[in-house]
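S.K.: Residues per chain, in single letters:
4 protein chains.
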Amino acid sequence: MPPTSTGQQEPATDHQDGAENGRAKQRANEAQEPKEKIEGKVYKDYLKLDSLLNNVDMMSFRHGNPVHDEHLFIITHQTYELWFRQIIWELDSVRAILNVPIVSEEDMLTILQRMNRTASIWKTAVEQFAILETMTPLDFMEFRCYLAPGSGFQSLQFRIIENKMGQKMENRVNANSIIESFRDEDSQRQLRQSLEEPSLCDLLIKWLERTPGLEEKGFNFPARYTEAVNKYLANERENMEMETDPEKRKGLEAEVKKQRDTFASVLDEKSYNEKIRLKERRLSYKAFMGALMVNCYSETPRFHLPQQLLTILMDIDSLVTKWRYNHVILVQRMLGSKTGTGGTSGYMYLRSTVSDRYKVFLDLFNVSSFIIPRDYIPELTIEMQSALHSTRLSGTTLGYRMHRFSEPSLKPLSF
Amino acid sequence: MPPTSTGQQEPATDHQDGAENGRAKQRANEAQEPKEKIEGKVYKDYLKLDSLLNNVDMMSFRHGNPVHDEHLFIITHQTYELWFRQIIWELDSVRAILNVPIVSEEDMLTILQRMNRTASIWKTAVEQFAILETMTPLDFMEFRCYLAPGSGFQSLQFRIIENKMGQKMENRVNANSIIESFRDEDSQRQLRQSLEEPSLCDLLIKWLERTPGLEEKGFNFPARYTEAVNKYLANERENMEMETDPEKRKGLEAEVKKQRDTFASVLDEKSYNEKIRLKERRLSYKAFMGALMVNCYSETPRFHLPQQLLTILMDIDSLVTKWRYNHVILVQRMLGSKTGTGGTSGYMYLRSTVSDRYKVFLDLFNVSSFIIPRDYIPELTIEMQSALHSTRLSGTTLGYRMHRFSEPSLKPLSF
Amino acid sequence: MPPTSTGQQEPATDHQDGAENGRAKQRANEAQEPKEKIEGKVYKDYLKLDSLLNNVDMMSFRHGNPVHDEHLFIITHQTYELWFRQIIWELDSVRAILNVPIVSEEDMLTILQRMNRTASIWKTAVEQFAILETMTPLDFMEFRCYLAPGSGFQSLQFRIIENKMGQKMENRVNANSIIESFRDEDSQRQLRQSLEEPSLCDLLIKWLERTPGLEEKGFNFPARYTEAVNKYLANERENMEMETDPEKRKGLEAEVKKQRDTFASVLDEKSYNEKIRLKERRLSYKAFMGALMVNCYSETPRFHLPQQLLTILMDIDSLVTKWRYNHVILVQRMLGSKTGTGGTSGYMYLRSTVSDRYKVFLDLFNVSSFIIPRDYIPELTIEMQSALHSTRLSGTTLGYRMHRFSEPSLKPLSF
Amino acid sequence: MPPTSTGQQEPATDHQDGAENGRAKQRANEAQEPKEKIEGKVYKDYLKLDSLLNNVDMMSFRHGNPVHDEHLFIITHQTYELWFRQIIWELDSVRAILNVPIVSEEDMLTILQRMNRTASIWKTAVEQFAILETMTPLDFMEFRCYLAPGSGFQSLQFRIIENKMGQKMENRVNANSIIESFRDEDSQRQLRQSLEEPSLCDLLIKWLERTPGLEEKGFNFPARYTEAVNKYLANERENMEMETDPEKRKGLEAEVKKQRDTFASVLDEKSYNEKIRLKERRLSYKAFMGALMVNCYSETPRFHLPQQLLTILMDIDSLVTKWRYNHVILVQRMLGSKTGTGGTSGYMYLRSTVSDRYKVFLDLFNVSSFIIPRDYIPELTIEMQSALHSTRLSGTTLGYRMHRFSEPSLKPLSF
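Chains as they are written, first to last, in UniProt numbering: chain L, 1 to 415; chain C, 1 to 415; chain D, 1 to 415; chain W, 1 to 415.
Looking at chain L on its own, in the form it has when it is part of the complex (with noise of 0.2 angstroms):
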């Protein structure tokens, strides 16, 4: 089997597959298998124990000077990396099922699964920074010095995390230099192939752009919500011209010119693009669409999934933030305004790093800068009603709703 990313033996996977939710096929497989006799292992045999916790090496033992806190910093470390692992597990998963044409329900209720559980690590990977906090600089200092070269710059995993997830190169505050420091050949193959791969910033867009009720001859969403906007607008400068109080009056018109201006960069195709090239904005025009019609009717059971996975994405990149801040507070707590181990700038570094810039999924977030009030928001039509509502039916007496081979199908769409 071929070394994988993060530079283990492990099998192929059954997402493999992509949408095929692998596991109709995993049993045919199972079938053709002759199936011979598989020992069962006792726990520390099943988690390789042995060899896991055998890798604590402490460096200030080696130089004769042993520090009992190098050993809270490696295990610490240590297990970073396993949840980093597990992070790039679940992403691969992900963006298999992702990267195929049409993405059933069942499909997305894997994702939202997986994602979720994405963001439960990186919970807990914010949170257990508190322990490396009991730490002193003092304490750090006593045994920082064998450190160097390392650095936790080094961690390719995290690196990899950040490619897959769809982090530009070019937001990147050290592009360079992040290549560079990966001095082996396999370190620096895997994460070329993490960029060369589409990332699941990629895919959310292509799903996004697929979104039903974009299409320009059927519900044409786009066309719709211009029409409201401008309803919108107009009735907020109804509202102000009503207003008789001259300062009241000055604020509102300020008000409803930035909300002219604002909207005026969604509604018009060509200000949107204008925005992406001076790289104000990641998402085509038609995936910005389908977030933004996502988010207007997440409260249609069709695009209650849609717009959870849109929610778990900023969960995600909040989460990511959050860490990038505890690790800044910690470095800034342990060294100061020193030099990192490996050479970085510390902490102005990691400071930047803190930013917009570097959250992925920034779009999503502007989204809502979009969003009018439900009763502007335009009704859903009679055929676009019945593809992704429950309406409510007559003759739907009984406990539950059945239902009638002749009436418009109501079937569950996919995308």
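If you're looking for bench data, these hints aren't it; they were derived computationally from the structure. All C-beta atoms, glycine included, are put in the ideal place defined by N, C-alpha and C. Incorrect hints may appear among the rest.
[Unchecked claim] Heads up, simulated EDC-like pairs for lysine to aspartate or glutamate below, C-alpha to C-alpha not over 20 angstroms straight-line: (1) Lys359(D) to Asp202(D); (2) Lys48(L) to Glu185(C); (3) Lys123(L) to Glu127(D); (4) Lys123(D) to Glu185(C); (5) Lys359(L) to Glu133(W); (6) Lys123(L) to Glu241(W).
[As the list claims (entries may be wrong)] Computed far set for chain L versus chain C, every beta-carbon distance over 12 angstroms: (7) Asp45; (8) Asp69; (9) Asn99; (10) Ile179; (11) Leu203; (12) Glu215; (13) Lys231; (14) Glu238; (15) Glu253; (16) Phe263; (17) Ser265; (18) Lys286; (19) Glu299; (20) Gln307; (21) Val328; (22) Ile377.
Let chain L serve as the given structure and place chains C, D and W on it in line with the hints.
M.R.: This is chains C, D and W only, laid out in the frame that chain L set:
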């Protein structure tokens, strides 16, 4: 170097010198050793990531039925085992520092730092159950069949932690099966050894017995405390007798009687020892008096650190109980009342461990029953006060107090 | 407007219309009402801060013995009561939405959002105990004497929450003293009313009984499930009989027997009802079958939301148990085994509430005992599948699936 | 009684006596007052629940368009305001205790307990954002229109906390609009008063300036530290010069130069004062030296409590920053870049407050830049050591050390 309790090779630790903080010694060692050039390592070599991350061997893949979530199951358990290793590292160090005739205040600071760290690890361990809870019973059932005869019951490090904390075999629900569950000689040897060494609880008892102020010929805290309790109870009785409302009086009478009975169990050494015989108490009489004294005077600077130690030990007891509880909930959700993978009785067994009998430091919680209001706590004698207390000296009008050579010395106490 | 359950005036709520999402209705109401000018408010008037923040009346001050920490004691309890008010608000709304013959998927989304919110509040409530734990037993003892006859036992809102969740009086350790502990008529009236209204558990049972697929003349899940279990048990028996090692075989025999007994209790309605009579089960047979079915098919989109509801209810049950446990620990640390301020037995009483009998949704946890491996779960019939499932239709080559009028309709089910 | 800073009536507090722990005084007061019979209260009267819970006045109801989630919005803000009241209570108490010429170790214990409590409250405040995040942008938009001109920007208590901590007006992004945003005289008065009183940061500076060991004619830490740094830098330079690899040497040279520049800014009082003038430092030179000294000797018992105080202040700074960050994220999700309800610029304004300039105790974080390895830290003189340190005395072979009258006294230092 000999294999240690956790099965992996590791260097002799600094704390084997006991109370010696070890740092001076370390520097001496360093001086003696010829300083050969030791090469620094990059991040992945320092953390031995190639070895660390290469321990995921999914049984479902071996059986030709790959199950995505088994990866999570393995990684989660591995992070637990890494943290357990760290907890053992801290426990060993703290026990060595405590295992001396005198524990200085500097040593107490080190102990507190390390026990706080241990609590912080347990906190993460409690909370990271949320990650494993993202797996469903159906997911688990897909690979559960491959896990037998493995069982979390077989975590050697967890047993060793329990033993080193001071979990008594006789308090265990199924003491016999625990030793049996480890089939290899090395594990059994480590387990036995962890039972033979003085546990944290044993050492705590000895340390509490040395609490300054307990001596009969000195401050004689037990005698003064007895007197104080009697005054307090007499006052309560007086208040009761002044009550004219018959119903209220009845309530107060019962209350006074109950208090009298409660206090009787600690005022008389024989009654107390009877409770030890009945396994209702674990601390010796003298140690219990020490704990009581620390609680009574915790607001004097010299008793502050000892009080912090008692508090953090209760915190850890509570956290371990919460860990057990979360474990129980998880098993209940995954398995209901099904038999555990290693043939254990699963939920019912685990449920039985979430009880007070599994609290090592239960007696410390009980101390609160015997605390009396501040006004009744016996005043420190001038001698004790000068030893324990920063009294407000005359002539300390400057920004801080200067010491004067002719005064009674106010040495920091170490015990 | 009449006073509500929490003693304060509050407006009629939107959810009193039950399943009607209420929004359309609201807008209609709005249209009818004359729109008089309502003045906006600044922050402090909107939140009524002058009134809200003016409710700290420290008894220790009244007694001329001001104790700093009583302020914390009051504020902490007040924040709990505010959150309890919010929990009641959510519970009332969710019960109203559930208390109808049919619950649509939109309604289910609303229910889930509000129960998730409730869980989130409980999470904060569990964790904020850490704040009160910064008070020491000595601090508490300074003002505790002034608190009688008050007691947390008298929190009306907490009792109402228990009742509205469905905590049965007969499962309470001291049901009588609970009603007695509220002396004023209004509190007693509210308490009784909360017992008379259908609880969340009552409504859940009715809802589960309506699970589509339970009908004898339709999919008849109970029959199919029985068949599946028998096949599964037969297979287990076969495996057992193939085992040649006598000792292992003995273990497997015991295991097979135990499984047979376990399953017997649900396969036969009479045996199950006997368990209800013995108070070992609370859900009706039909409701239990519904819960089992939801679990079995939770990976189909239509059963996903129902499964999420069952999960969040278990989460809340666990969180309330953790809240009780943290409360117990706090009381144990503050009081030891002293009598509680309201004359309650303090620690021992509270300890008794941290048990399975105080779990309202205990049966949902038990469902896991009866889940069988995915391979044995009865396949959905084409009819059920088309109702519940997004099947992979031919002709769905575009980015998402178009509905066709002539097909069997795939209506989203609401139940 | 006069209204206090938070607008509500409250009793004079015990800490207005400053360093006097107040307890003795309280008892005296108690003795003097005639003990009239004060009736105990039941729970709901003690907590004034009828008044407390009666402050929910939903604007959406007033406008005839009831929105379920407005209830959550109000309750959440109310719990924040209750906690803010508690934080002010603790801050006032701690500032009073610090605002004296000498702070004893007992007082330091009280300060630490209360600042730890404050940190614990902030932790809950940070985490309970999760509750409000269960509201969607669409939900919020339904009642947001009714909220103007209210804005969280108008939280008086939050501003008062910032001021009492020591947030400088000149560091605020929009200092002017803050005072303007409170229209009523009383709020403005309170705000001004909070700016005039000595802040926690002011008092910390004075306290640090009194650090024992700074005196020129005594231990003269600054001089010894300067010497130590020079020795350390000389050693670093030597190591650099021994490096033969030209590239590595170049790196080391840059590193040495950078260190030299860094240290220059604290070794010379004038350079340091220049940094104050440029607003890059806030602590006075002497206070900074005090903080540095506390850090260097934090492992001696006497400097342990001071170090704990510095640490908890940094913790609080970090927590407040996290609170701001969570607030930003919430606003970003709810509003995008829309204008805030009170006319504030919403997201962009809030984003600007999540920066180092809003950290009151930033200089404490910077101290780490100037810590040198343990081996270089100047040894305490015998005189200092006997004052600060529990030296290992001969003749202390018993379980704990007895004081002897003829020895140099080892008084606990208070500063």
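S.K.: Is the Cβ of Leu203(L) farther than 12 angstroms from every Cβ of chain C?
M.R.: Holds, since 18 angstroms exceeds 12 angstroms.
S.K.: For Ser265(L), is the shortest beta carbon distance to chain C beyond 12 angstroms?
M.R.: holds (38 angstroms)
S.K.: Hey, is Phe263(L) genuinely clear of chain C, shortest beta carbon separation above 12 angstroms?
M.R.: Its Cβ never comes within 12 angstroms of chain C, the nearest being 39 angstroms, so this holds.
S.K.: Checking one constraint from the list: CA of Lys123(L) to CA of Glu127(D), max 20 angstroms. Satisfied?
M.R.: holds (16 angstroms)
S.K.: Within a Cα-Cα threshold of 20 angstroms, do Lys123(D) and Glu185(C) meet the stated pairing?
M.R.: violated (44 angstroms)
S.K.: Against chain C, does Asp45(L) keep a CB gap of more than 12 angstroms to every residue?
M.R.: Non-interface label fails for Asp45(L): nearest chain C Cβ at 8 angstroms, not farther than 12 angstroms.
S.K.: With d taken as the least Cβ-Cβ distance between Glu238(L) and chain C, does d exceed 12 angstroms?
M.R.: holds (50 angstroms)
S.K.: CA of Lys359(D) to CA of Asp202(D), is that 20 angstroms or under?
M.R.: Holds, at roughly 14 angstroms.
S.K.: Can we confirm that no CB of chain C comes within 12 angstroms of the CB of Glu299(L)?
M.R.: holds (25 angstroms)
S.K.: According to the definition I'm using, a residue is off the interface if its beta carbon is farther than 12 angstroms from all beta carbons of the partner; does Lys286(L) meet that for chain C?
M.R.: holds (31 angstroms)
S.K.: Once the closest CB in chain C is found, is it more than 12 angstroms from Ile377(L)?
M.R.: Non-interface label on Ile377(L) holds, nearest chain C Cβ at 33 angstroms vs cutoff 12 angstroms.
S.K.: So Asp69(L) supposedly isn't at the interface. Is its beta-carbon more than 12 angstroms from every beta-carbon in chain C?
M.R.: Violated, because the least Cβ-Cβ distance between Asp69(L) and chain C comes to about 9 angstroms, which does not exceed 12 angstroms.
Hint compliance for this structure: hints 4, 6, 7, 8 are not met, and every other hint is.
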